[in-house]
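Enquirer: Those protein sequence lines, which keep their order, are chains P and R.
Quick note on this note's numbering: the first sequence kicks off at 1 and runs consecutively.
Quick note on this note's numbering: the second sequence kicks off at 1001 and runs consecutively.
In short, the hints are calculated from the structure, not lab data.
Hints may contain errors.
Only part of the chain R face toward chain P is listed, based on derived beta-carbon distances under 10 Å [claimed, not checked]: (1) Q1006; (2) F1030; (3) K1042; (4) F1062; (5) S1065; (6) F1066; (7) F1089; (8) K1103; (9) G1104; (10) R1106.
Computed list of lysine to any residue pairs in SDA-like fashion (alpha-carbon distance at most 20 Å, straight line) [to be verified]: (11) P/K9 - P/E24; (12) P/K22 - R/K1005; (13) R/K1042 - P/Q82; (14) P/K40 - R/N1096; (15) P/K53 - R/N1096; (16) R/K1005 - R/S1074; (17) P/K38 - R/A1045.
Where is the CB? At the ideal position from N, CA and C, for every residue including glycine.
Chain by chain, the residues:
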Amino acid sequence: DTEVTQTPKHLVMGMTNKKSLKCEQHMGHRAMYWYKQKAKKPPELMFVYSYEKLSINESVPSRFSPECPNSSLLNLHLHALQPEDSALYLCASSPEVRNTGELFFGEGSRLTVL
Amino acid sequence: QQQVKQSPQSLIVQKGGISIINCAYENTAFDYFPWYQQFPGKGPALLIAIRPDVSEKKEGRFTISFNKSAKQFSLHIMDSQPGDSATYFCAASGGNTPLVFGKGTRLSVIA
């Protein structure tokens, strides 16, 4: 079982809704990530949080808003999404900030936007 | 521009056979090359990884071969089993570049 826990596992929302995805890790890892994965595609990096600093993929629309309440929690706030935002949203953590290649992924939150 | 090129896109192997997936990269600043395994409905899981100072790493039935001069690396799965059926992603990271994934290989091991 993964040590990165994501909730909810499934989420259906309308384009005017506001919802949040939650992620938690208790491995003491120093960096946490949000990835988006479309069917039959590799994961695509959205955000990185390390040492309370946010790094953004500039191609990510502002309707996605990350929040890091503490070093073990990472949220993704969703607002005014589009149907093309439907995807599997993966949270990951890594022990080291310098090596972003050793990632521990959660099982993902399957998002459907109607 | 795709930084890590992966082939084949899909692969069918008989049970007990050897599965081979290949990847190539361009960025010489990459210094960490992991392989991730993903089952349907699950997140990717780190399978095995290598750094450029070694040419081969073996963990059980899984082996990474690394050719620094050719900027290529490959995953070999010996004695492939139906339970190995999954999507495999090669990846690379290093320098100021966060983890970059290949496009993935869907492996089917048939009995």
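Enquirer: Find the hints from earlier in the document that the structure breaks and name them by number, from lowest to highest.
Expert: Going through the list in order, the structure violates hints 4, 5, 6, 12, 13, 14 and respects the others.
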